[in-house]
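Assemble the complex: chain Z is given as a structure, and chain C must be docked to it using the hints.
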Amino acid sequence: MVTFLQSLVFGVLVGGVYALASSGLSLIFGVMRIVNLAHGGLMVAAAFLTYTIWNSTGLDPFLAIPLVCAALFALGCLLYQGVIRFAWRGGEASIILATLALAMIIEGVLALVWGAEPHNVTPSYVNSSFRLGPIVFPAVQAIGFVIACVLLGALYLLLNGTWLGRGVRAAAANPTGATLTGVRVERVNVVTYAIGVALTGAAGAIVSVLAPFMPDSGDRWIGIGLAIVVLGGMGSLAGGLAGALLFGIAETMTTTYVSTAWATAVPFVVIIAVLLVRPQGIFGRTTRRDVMAG
Amino acid sequence: MQRRIPELSRRTFLLGSGAVLLTACSGGTTSGGGSGPLRIGASLPLTGPVADVSKPGYQGYQAWQKKINAAGGLLGRQVEFVVLDDGFDQNTVVANYNRLISQDRVDLLLGTFSSFLNLPASTIAERHGMLYIEPSGGAAEIFERGLKRLFFAQPGTTKDVPDRFVDYITALPPGDRPRTAAYSTQNDPSADVPVQIFQQKFEALGIRTVHSTNYPADTANFDAMAATIAQAAPDLVVHGAVTADGVGMIRSFQKVGFSPKFLFQTKSPSDPLTFPDGIGKGNTEGIFTTAAWHPKAKTPGNAEFVEAYKAQFNEEPTEDAASSYTATQVLEAGVKAVGKIDQDAIAQWLHANSVPTVSGTLAWDERGVPKASMLLVQWQKGQIEVVAPSEAATTQNVVRPKPGWA
Numbered sequence: 001m002v003t004f005l006q007s008l009v010f011g012v013l014v015g016g017v018y019a020l021a022s023s024g025l026s027l028i029f030g031v032m033r034i035v036n037l038a039h040g041g042l043m044v045a046a047a048f049l050t051y052t053i054w055n056s057t058g059l060d061p062f063l064a065i066p067l068v069c070a071a072l073f074a075l076g077c078l079l080y081q082g083v084i085r086f087a088w089r090g091g092e093a094s095i096i097l098a099t100l101a102l103a104m105i106i107e108g109v110l111a112l113v114w115g116a117e118p119h120n121v122t123p124s125y126v127n128s129s130f131r132l133g134p135i136v137f138p139a140v141q142a143i144g145f146v147i148a149c150v151l152l153g154a155l156y157l158l159l160n161g162t163w164l165g166r167g168v169r170a171a172a173a174n175p176t177g178a179t180l181t182g183v184r185v186e187r188v189n190v191v192t193y194a195i196g197v198a199l200t201g202a203a204g205a206i207v208s209v210l211a212p213f214m215p216d217s218g219d220r221w222i223g224i225g226l227a228i229v230v231l232g233g234m235g236s237l238a239g240g241l242a243g244a245l246l247f248g249i250a251e252t253m254t255t256t257y258v259s260t261a262w263a264t265a266v267p268f269v270v271i272i273a274v275l276l277v278r279p280q281g282i283f284g285r286t287t288r289r290d291v292m293a294g
Numbered sequence: 001m002q003r004r005i006p007e008l009s010r011r012t013f014l015l016g017s018g019a020v021l022l023t024a025c026s027g028g029t030t031s032g033g034g035s036g037p038l039r040i041g042a043s044l045p046l047t048g049p050v051a052d053v054s055k056p057g058y059q060g061y062q063a064w065q066k067k068i069n070a071a072g073g074l075l076g077r078q079v080e081f082v083v084l085d086d087g088f089d090q091n092t093v094v095a096n097y098n099r100l101i102s103q104d105r106v107d108l109l110l111g112t113f114s115s116f117l118n119l120p121a122s123t124i125a126e127r128h129g130m131l132y133i134e135p136s137g138g139a140a141e142i143f144e145r146g147l148k149r150l151f152f153a154q155p156g157t158t159k160d161v162p163d164r165f166v167d168y169i170t171a172l173p174p175g176d177r178p179r180t181a182a183y184s185t186q187n188d189p190s191a192d193v194p195v196q197i198f199q200q201k202f203e204a205l206g207i208r209t210v211h212s213t214n215y216p217a218d219t220a221n222f223d224a225m226a227a228t229i230a231q232a233a234p235d236l237v238v239h240g241a242v243t244a245d246g247v248g249m250i251r252s253f254q255k256v257g258f259s260p261k262f263l264f265q266t267k268s269p270s271d272p273l274t275f276p277d278g279i280g281k282g283n284t285e286g287i288f289t290t291a292a293w294h295p296k297a298k299t300p301g302n303a304e305f306v307e308a309y310k311a312q313f314n315e316e317p318t319e320d321a322a323s324s325y326t327a328t329q330v331l332e333a334g335v336k337a338v339g340k341i342d343q344d345a346i347a348q349w350l351h352a353n354s355v356p357t358v359s360g361t362l363a364w365d366e367r368g369v370p371k372a373s374m375l376l377v378q379w380q381k382g383q384i385e386v387v388a389p390s391e392a393a394t395t396q397n398v399v400r401p402k403p404g405w406a
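Sequence order for the protein chains is Z and C.
Residue numbering for the first sequence follows the UniProt record's numbering, beginning at 1 and increasing consecutively.
Residue numbering for the second sequence follows the UniProt record's numbering, beginning at 1 and increasing consecutively.
Mixed in with the good hints, there may be bad ones.
Straight line, CA to CA, 20 Å or less: simulated SDA-like cross-link-like pairs of lysine to any residue [stated by the list, open to error]:
no.: 1; chain 1: C; residue 1: Lys281; chain 2: C; residue 2: Gln383
no.: 2; chain 1: C; residue 1: Lys298; chain 2: C; residue 2: Ala372
no.: 3; chain 1: C; residue 1: Lys67; chain 2: C; residue 2: Gln312
no.: 4; chain 1: C; residue 1: Lys148; chain 2: C; residue 2: Arg127
no.: 5; chain 1: C; residue 1: Lys281; chain 2: Z; residue 2: Asn55
no.: 6; chain 1: C; residue 1: Lys281; chain 2: Z; residue 2: Gly58
no.: 7; chain 1: C; residue 1: Lys261; chain 2: C; residue 2: Pro401
no.: 8; chain 1: C; residue 1: Lys281; chain 2: Z; residue 2: Pro123
no.: 9; chain 1: C; residue 1: Lys281; chain 2: Z; residue 2: Val126
no.: 10; chain 1: C; residue 1: Lys310; chain 2: Z; residue 2: Gly115
no.: 11; chain 1: C; residue 1: Lys148; chain 2: C; residue 2: Ala337
no.: 12; chain 1: C; residue 1: Lys148; chain 2: C; residue 2: Ala333
no.: 13; chain 1: C; residue 1: Lys67; chain 2: C; residue 2: Ala311
no.: 14; chain 1: C; residue 1: Lys281; chain 2: Z; residue 2: Tyr125
no.: 15; chain 1: C; residue 1: Lys281; chain 2: C; residue 2: Ser259
no.: 16; chain 1: C; residue 1: Lys148; chain 2: C; residue 2: Val369
no.: 17; chain 1: C; residue 1: Lys201; chain 2: C; residue 2: Lys261
no.: 18; chain 1: C; residue 1: Lys340; chain 2: C; residue 2: Gly72
Honestly, the hints are just simulated from the structure, not real lab data.
Chain Z with its partners taken away, still in its complex shape:
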């Protein structure tokens, strides 16, 4: 029973971080229908930025999250204005190629600036834990989980409690209709993309403390992110959270009860199983395409 609970705790904690890591991807896809393949690269860029802030100023990596988010928000605006909006005009294939090219460029720049060797962000408490009875809670995982939940809650409030959020949701549901009601869809798209990148930045800052990272570490995160977005229901925030928790738990339970050799494969098997039952994902909705505009 202890083993089961311990695996469950590990799964939930890592699942929370997975949820934040995939939220930016989900938001951008949900609103703009863009599969942002630069997602993993941007996340690792945020990890390297966190490393530099922590290493040069001594600022705690979790406290550096607002700085990293601000920098990534600005980078998101630049990328949208400089690349995404042009590529978007070329259709889905164009945007996929453009974001893939961005991912490659980001990886190359990271290697040039920081080098190809593994980097670690190791504050004094990095490997400490606290216990609840026999169950271990690694400190950085627990802090990362709490911050991920807070940021996801803030995103939920932003989308559901503000005019900007209503604009974002309107643009996602029906861009043409949103334009007719006065929503400036182009501006919403810039902000949405930048918020998505900023959330990715927050996840990158957390991930930098959890494990060593290298310029090519983004490859793993784009795989996990896409899987969770598909599992949760394309563009659904709540579905993404549920999908991420399911993914994290499946990963750790497989490690504990099946085999570590299958730990990275079984979550994808779970995804296939879920999609066989619910092709639209856990929280995804089926919509008649003929009534969708734009």
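Structure of chain C alone, referenced to chain Z:
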């Protein structure tokens, strides 16, 4: 609109065929002396998951290039490197070595990094009759294909990794030996082969296996794995680590509060820069690994290599840098002995002779497998020390049992 395909004239066909034949014939094993620079080609994974290993590896080549050119070059010709990036991709490494041989027409080749890349790259070299000295890639299967011009520039292959540590454990009084062991390894021929041998040998010694598992190369979260091993509470952990996974596993051990009495990891702890950074310098104490080279080893030219490397790159040389440098020393010895660029003659000479290098004096069997063995090293007081064999030891002290985490 359908385009008309021009007919191939007899003249064009003959010219083309002739060109192809000439190209094929010129890929032979001997090239003239020449007066221009002597060009050495290599493809390296300068980007991708083992780029951290490749960078010091390339610097090892460059350190030798600087030294040999300052001494007048090789065969009186200045040495130039033609290095291509393969991004740790097998298709690219094959294309790169084909290009180096057929298009760039380099005089000599040097190997790349990892068994994963050296496996196909060495096949390309052999197919073109080129000598192939590899600084890395010790997986046993590389040497079981009957290649005649392949040489491994380290003292031992992955099969030799367990020898010294098994000898050390065997030599302990029975009451001091570990009673139980856990084995965990990345799915990589440089890690899983030695870990399997470790398990066989330790089980034969009566050490009971309480956990054994392997994991994919893209594993980054080791918490659940560490918790499972901690519950089995082994005295000894043998971990087949390749790069950052070594650090990841130890950090997870610390999180779950588990510290084994003996900890052996392959590869990862031999990096004097990133390993202590990753787990904390104080936590390195007592961790064992094997090494092909040590900065304090009293091997031919080692002290000079270390000093020159630090001066050139402003950092300590790693084992990978030393292995690259060793490969160039082997190449240099063969070329100088033969006196010309004759790939087969150099290969024959290397099969028949030994070469003093910074990694020790190397000699090879007919497969290109070195006849020496690796060093057993242990982290002590923040430094990597050689503890076996005794003639190469940099300390007589062995830390046992491994202290708990700092």
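| request: Give me the numbers of the hints this structure contradicts, sorted from smallest to largest. | output: none
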